[in-house]
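Student: Each chain, letter by letter, is given below.
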Amino acid sequence: MSVRGPQQVLELAKVSRTFGEGATAVAALRDVDLTIGAGEFVAVMGPSGSGKSSLLALAGGLDRPTSGGVFVESTPLAGLGLNELARLRRRAVGYVFQDFNLVPTLTAAENVALPLELDGTATKKARRQAADALRQVGIPELADRFMDQMSGGQQQRVAIARAVVGQRRLILADEPTGALDSTTGQGVMEVLRSRADAGAAVMLVTHEARHAAWADRVVFLRDGRIVDQATAMHDPTMLLAQAGL
Amino acid sequence: MSIRHSLLALLQDRPRYGYQLRVEFENRTGSTWPLNIGQVYTTLDRLERDGLVAKDGDDGEGHVVYSITAEGAAEVRSWFAAPVERTNPPRNELAIKLALAVTLPGVDVQAIIQAQRVASIRALQDYTKARRDTASNQRSGDTAWLLVLDSLIFQTEAEVRWLDLCEARMVQLAAATAARKTSNGVTEDAAPLNADSRR
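These protein sequence lines are chains A and B, in that order.
When we follow my numbering, the leftmost residue of the first sequence carries the number 1, and every step to the right adds one.
When we follow my numbering, the leftmost residue of the second sequence carries the number 1001, and every step to the right adds one.
To be clear, the hints were calculated from the coordinates, so they are not data collected in a lab.
One should not assume that every hint holds.
What the hints assert, rightly or not - Just a sample of chain A residues kept apart from chain B, beta carbon distances all over 10 Å, derived:
{"id": "1", "residue": "Lys14"}
{"id": "2", "residue": "Ser53"}
{"id": "3", "residue": "Ala57"}
{"id": "4", "residue": "Leu62"}
{"id": "5", "residue": "Gly81"}
{"id": "6", "residue": "Leu85"}
{"id": "7", "residue": "Lys124"}
{"id": "8", "residue": "Ala215"}
{"id": "9", "residue": "Gln229"}
{"id": "10", "residue": "Thr231"}
To be verified - A partial selection of chain B residues facing chain A, derived with a Cβ cut-off under 7 Å:
{"id": "11", "residue": "Asp1056"}
{"id": "12", "residue": "Val1118"}
{"id": "13", "residue": "Ile1121"}
{"id": "14", "residue": "Arg1122"}
{"id": "15", "residue": "Leu1124"}
{"id": "16", "residue": "Gln1125"}
{"id": "17", "residue": "Asp1126"}
{"id": "18", "residue": "Thr1128"}
{"id": "19", "residue": "Lys1129"}
Since this is a predicted model, take the numbers as computed values, not measurements.
A virtual CB, placed ideally from N, CA and C, is assigned to each residue, including glycine.
Chain A on its own, in the form it takes in the complex (with noise of 0.2 Å):
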């Protein structure tokens, strides 16, 4: 197990999820060690069951380890309380999920300030940071549009809009690219790869290899434990060699 530092945002250590009991207990997670530093963006790949959206439930706090611990900036998640849990949700971790989960009554802008003004933030102060937000994710001017005004695509920037606004320092994205043209889920893994170019952690569960292919780093998960990792390193010339050029 690595060293806690202070550029570590992400810490799983020896951690196993099970879900049931007895003969009937299904290990979803078993003995998972993950750590993921400030600026490096870390795909988790594997098939169907093989516990990658556990880990991301467990990463972000929604869920609780059996065994085993989380930290996220060193805080260990299980010594938090609910609404301290929550708080740190808020101020520090970003989700995207599959499915949006965005409010249809309220704008894109509402939608992406949502987190900020839960947290207390003044709404003008709230409103703008959620107008960057927006920016970066390349639709500033659907900033009041409503969700059934939007295209699917668009609703998904207005995703990654929330979970990036604010500058959190650790983003969870669960398959962001599900439904998504190629195009618009490029654009998905751009706005992720210049988060964590500008310092944040981000996970990113795929099986998209050439969304998981962004990361810096691809731990694939098998059964519930990580198998293999793979990380980028090499320079072009050296592409060309093995690519037979």
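With chain A fixed as given, assemble chain B onto it according to the hints.
Tutor: Quick look at chain B alone, frame taken from chain A:
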């Protein structure tokens, strides 16, 4: 890659000497396929022999300049017009390796697939990063390099998807085999897989 047609195409643009052809070729293809000058001269000799180019004097500095003939121009037109031939079937070491692995006892096919998957994803990460870096400060000569990177990205992604499919098929096959053993005969589930695996 057809060096022959590439050089002809460049000569159609205007007459050039050997070293110029090499530099032009590399500039226009993002230096993706370095040409050695010996290849250039050998190719020019053959093109001349075939009547597709002709020597056009020298440039005053001792370089022999070549120009394209009418036959050469026709050859370039038909090269651009025809689709690139696919080798049939394409030789694919990975496919051959897996095809043999599934037929041999004691070979861990899933481990082969996973090892390849990690290597392919790593290559995909590298291509993606190279593409991002090139696209973010694009210069005029980079278009060809971007096209090549896109091609590599698509090919590698296809390979990973194919590996996923191979793995899923292995799992299906194992389940069908287990079902056959427990029912002590051919089950309905197993029949289509048997048919499929004979191909």
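Student: Compare the structure with each hint and give your call.
Tutor: Status of each hint after checking the structure:
no.: 1; hint: Lys14; in the structure: 23 Å, holds
no.: 2; hint: Ser53; in the structure: 18 Å, holds
no.: 3; hint: Ala57; in the structure: 24 Å, holds
no.: 4; hint: Leu62; in the structure: 27 Å, holds
no.: 5; hint: Gly81; in the structure: 40 Å, holds
no.: 6; hint: Leu85; in the structure: 34 Å, holds
no.: 7; hint: Lys124; in the structure: 34 Å, holds
no.: 8; hint: Ala215; in the structure: 7 Å, violated
no.: 9; hint: Gln229; in the structure: 8 Å, violated
no.: 10; hint: Thr231; in the structure: 7 Å, violated
no.: 11; hint: Asp1056; in the structure: 32 Å, violated
no.: 12; hint: Val1118; in the structure: 5 Å, holds
no.: 13; hint: Ile1121; in the structure: 5 Å, holds
no.: 14; hint: Arg1122; in the structure: 4 Å, holds
no.: 15; hint: Leu1124; in the structure: 4 Å, holds
no.: 16; hint: Gln1125; in the structure: 3 Å, holds
no.: 17; hint: Asp1126; in the structure: 5 Å, holds
no.: 18; hint: Thr1128; in the structure: 4 Å, holds
no.: 19; hint: Lys1129; in the structure: 5 Å, holds
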